[in-house]
Amino acid sequence: MAQVPIKEFTKPKVFLVEGKDEEAVIVAIAERSGRNDIEARDVGGKNQFKKKFPPAIKQASFSSVNCLGIIQDANGDPNAAFQRVSRMLADHRLPCPAAPGGFASGGNLRVGVLILPGAGQQGYLEDLFLTAYSGSPELSCVDAFASCCGAIRPLTTKERAHALLVAIGAPETRLGRAFESKHINADGPAYTVLRDFVLNL
Amino acid sequence: MITELEIQGYKGLKNVTLKGLKRMTLLGGRNNSGKTSVLEAFFLSRDWGNAEMLTRHLRWRGVEVFQTNSESAWAPAFTNFELKGSKIQIRTRDPQGDRATFTAQVIDAPTRNPPQPSVLQIGGTAQNIRAPGEPALRLTFLLGSRPVYEAQITINQGVPSYLLVPSRLDATAPPVSFVLARQRTPASEDAANFGKLDTEKRTEEIVSLVKIIDPKLVGLSVVPVGPISQIYADVADIPKKIPVNLLGDGITRLLSMLLHIANIPGGYLLVDEVENAFHHAAMPQIWQALYAICKSQKCQLIATTHSYECVSAFASSLKEVAGEEFSYIRLDRKDGNVESITYDSDELQNATEAGWEVR
Numbered sequence: 105m106a107q108v109p110i111k112e113f114t115k116p117k118v119f120l121v122e123g124k125d126e127e128a129v130i131v132a133i134a135e136r137s138g139r140n141d142i143e144a145r146d147v148g149g150k151n152q153f154k155k156k157f158p159p160a161i162k163q164a165s166f167s168s169v170n171c172l173g174i175i176q177d178a179n180g181d182p183n184a185a186f187q188r189v190s191r192m193l194a195d196h197r198l199p200c201p202a203a204p205g206g207f208a209s210g211g212n213l214r215v216g217v218l219i220l221p222g223a224g225q226q227g228y229l230e231d232l233f234l235t236a237y238s239g240s241p242e243l244s245c246v247d248a249f250a251s252c253c254g255a256i257r258p259l260t261t262k263e264r265a266h267a268l269l270v271a272i273g274a275p276e277t278r279l280g281r282a283f284e285s286k287h288i289n290a291d292g293p294a295y296t297v298l299r300d301f302v303l304n305l
Numbered sequence: 002m003i004t005e006l007e008i009q010g011y012k013g014l015k016n017v018t019l020k021g022l023k024r025m026t027l028l029g030g031r032n033n034s035g036k037t038s039v040l041e042a043f044f045l046s047r048d049w050g051n052a053e054m055l056t057r058h059l060r061w062r063g064v065e066v067f068q069t070n071s072e073s074a075w076a077p078a079f080t081n082f083e084l085k086g087s088k089i090q091i092r093t094r095d096p097q098g099d100r101a102t103f104t105a106q107v108i109d110a111p112t113r114n115p116p117q118p119s120v121l122q123i124g125g126t127a128q129n130i131r132a133p134g135e136p137a138l139r140l141t142f143l144l145g146s147r148p149v150y151e152a153q154i155t156i157n158q159g160v161p162s163y164l165l166v167p168s169r170l171d172a173t174a175p176p177v178s179f180v181l182a183r184q185r186t187p188a189s190e191d192a193a194n195f196g197k198l199d200t201e202k203r204t205e206e207i208v209s210l211v212k213i214i215d216p217k218l219v220g221l222s223v224v225p226v227g228p229i230s231q232i233y234a235d236v237a238d239i240p241k242k243i244p245v246n247l248l249g250d251g252i253t254r255l256l257s258m259l260l261h262i263a264n265i266p267g268g269y270l271l272v273d274e275v276e277n278a279f280h281h282a283a284m285p286q287i288w289q290a291l292y293a294i295c296k297s298q299k300c301q302l303i304a305t306t307h308s309y310e311c312v313s314a315f316a317s318s319l320k321e322v323a324g325e326e327f328s329y330i331r332l333d334r335k336d337g338n339v340e341s342i343t344y345d346s347d348e349l350q351n352a353t354e355a356g357w358e359v360r
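These protein sequence lines map, in sequence, to chains A and B.
Just so you know, we're using our numbering here: the first sequence kicks off at 105 and counts up by one.
Just so you know, we're using our numbering here: the second sequence kicks off at 2 and counts up by one.
Hints are not guaranteed to be accurate.
Facing chain A, from chain B, some residues (calculated, C-beta under 8 Å) [stated by the list, open to error]: (1) ARG47; (2) TRP49; (3) GLY50; (4) PRO136; (5) ASP333; (6) ASP336; (7) GLY337; (8) ILE342; (9) TYR344; (10) VAL359.
What the hints contain is simulated information worked out from the structure, not anything from laboratory work.
Here a beta-carbon is modelled for each residue, glycine too, at the ideal position from N, C-alpha and C.
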């Protein structure tokens, strides 16, 4: 029987996110801002939200949470992603903001929803990372590589992000690990939408 | 089988409703959240015809000596130890929606027309069913709105007396057994249970299920040892049969549970701290063994635990064999009240897969 570390909420502001990469970037933002009231928990993938959300909020420790942030990638349809989260919140009688990036309060709980990369765009967390290196020699190199590969098959956003991690000399080709090891940070303007959401929840 | 259990006025359980009970239900929660009290309350509601029904829990909790007046004997079962004006009410609902209601209430005024004592009386004397001014405990059990029995318990000079007035003599309660957290079922009781099964040629299932834990077990038999009997085990590689207790606490405890279930078809087994005596790696097999016999005997098991490994094994092992026939209920104590949170089989599976805390 595989043993999994037992996870419960220990901070008043909790972010539920798709995966380890999102978890790491939120922790990095909180640490660099000197905030110790924030924690992030990944649900194990974008398709796991519907299954893992109910038991997450049934935990006894959820009663101590007063702010809940949900962050999902838009993938190909930011509106559909937001509607999925809205329905999930409604099913559990939790407050839901009127639009992505917004907040809503009900009872003792404030809830925020952010669909990445934000501003109603399609895409992922990795888009923020790529934007952060816009105009850099590393991204130019990746673009050249992507262009070359494109003749064989186009690279996905996540593949371009992996290539950029290699180009900048990150120890691993995992975006989350690069944040954890402080090889990169989320200080730049590319991350404003995410940083503001995390710090203002 | 019950699907809902509502308890009012029993110990720290002022008013709590447990929903979504299944054939296999596991209760979790922090210390003093009321897990054991839930088991005790349910047992109380089915402990018909026993003058000590409201004091058994004291012995189970290790209280060896108490004054047998009504205040000392009964008050610990009531919320805030308050007898006057209080009542314990335990309601259950079955899958068809039918309700059963047990009520225990102290009545202060002497009964002008005491129930006729000729029906059944255990202990005491009919003429002294209650001394003037001495409180009595009035018990009622209803199926729907139809009374099944009404009874009174009194304590006169330290001796509890039980007077039963059945309204429906054909009514019987499904049997219920309780496996305690700290005390072993007496070896003689296990032997009696095994012997009963043996006479019915029903020991094969028990032996096969115990073999899951100890594959070297060849067979079990009841052996008289002086005035009492005991279960002995035939173990491969050991030339003589040995008392089954020598195989370890885990085997003994599992065997007790299996024997209880096998002897209460259609009934209920309550197990406090079910993980006690078991290594966590054995829990998946133990859950599957318990489910197998509960299903074959049409029994319902309600157990408590503190162990995450136990909960995790419950979810993962039963998902394979029990479909949706299991649930987990956590009790949370908040502001002096107890609330229950039910996880259905899918939610529990998803929670333990993700490593979410559920206790």
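Now for the hints, and whether the structure bears them out:
Evaluation of the B:ARG47 hint against chain A yields a violated restraint, the C-beta minimum of about 30 Å exceeding 8 Å. A cut of 8 Å between beta carbons decides the hint on B:TRP49: the least distance to chain A is about 36 Å, and the hint is violated. With a least beta-carbon distance of about 39 Å to chain A, the hint placing B:GLY50 at the interface is violated under the 8 Å criterion. For B:PRO136, the interface hint is violated, since its Cβ never comes within 8 Å of a Cβ in chain A; the closest pair sits about 39 Å apart.
Of the supplied interface hints, the one on B:ASP333 holds, with its beta-carbon coming within about 5 Å of a beta-carbon of chain A, less than 8 Å. For the restraint placing B:ASP336 at the interface with chain A, the shortest Cβ-Cβ distance is roughly 11 Å, beyond the 8 Å limit, so the hint is violated. The criterion of a C-beta within 8 Å of any C-beta in chain A is not met by B:GLY337, whose closest approach is roughly 15 Å, and the hint is violated. Given the 8 Å rule on beta carbons, the hint for B:ILE342 holds: about 5 Å separates it from the nearest Cβ of chain A.
At its closest, the beta carbon of B:TYR344 sits 6 Å from a beta carbon of chain A; the interface hint therefore holds under the 8 Å criterion. Annotation: B:VAL359 was flagged as interfacial toward chain A, and the flag holds, the nearest CB pair being 7 Å apart, inside 8 Å.
Going down the numbered hints, you'll see the structure goes against 1, 2, 3, 4, 6, 7, while the others check out.
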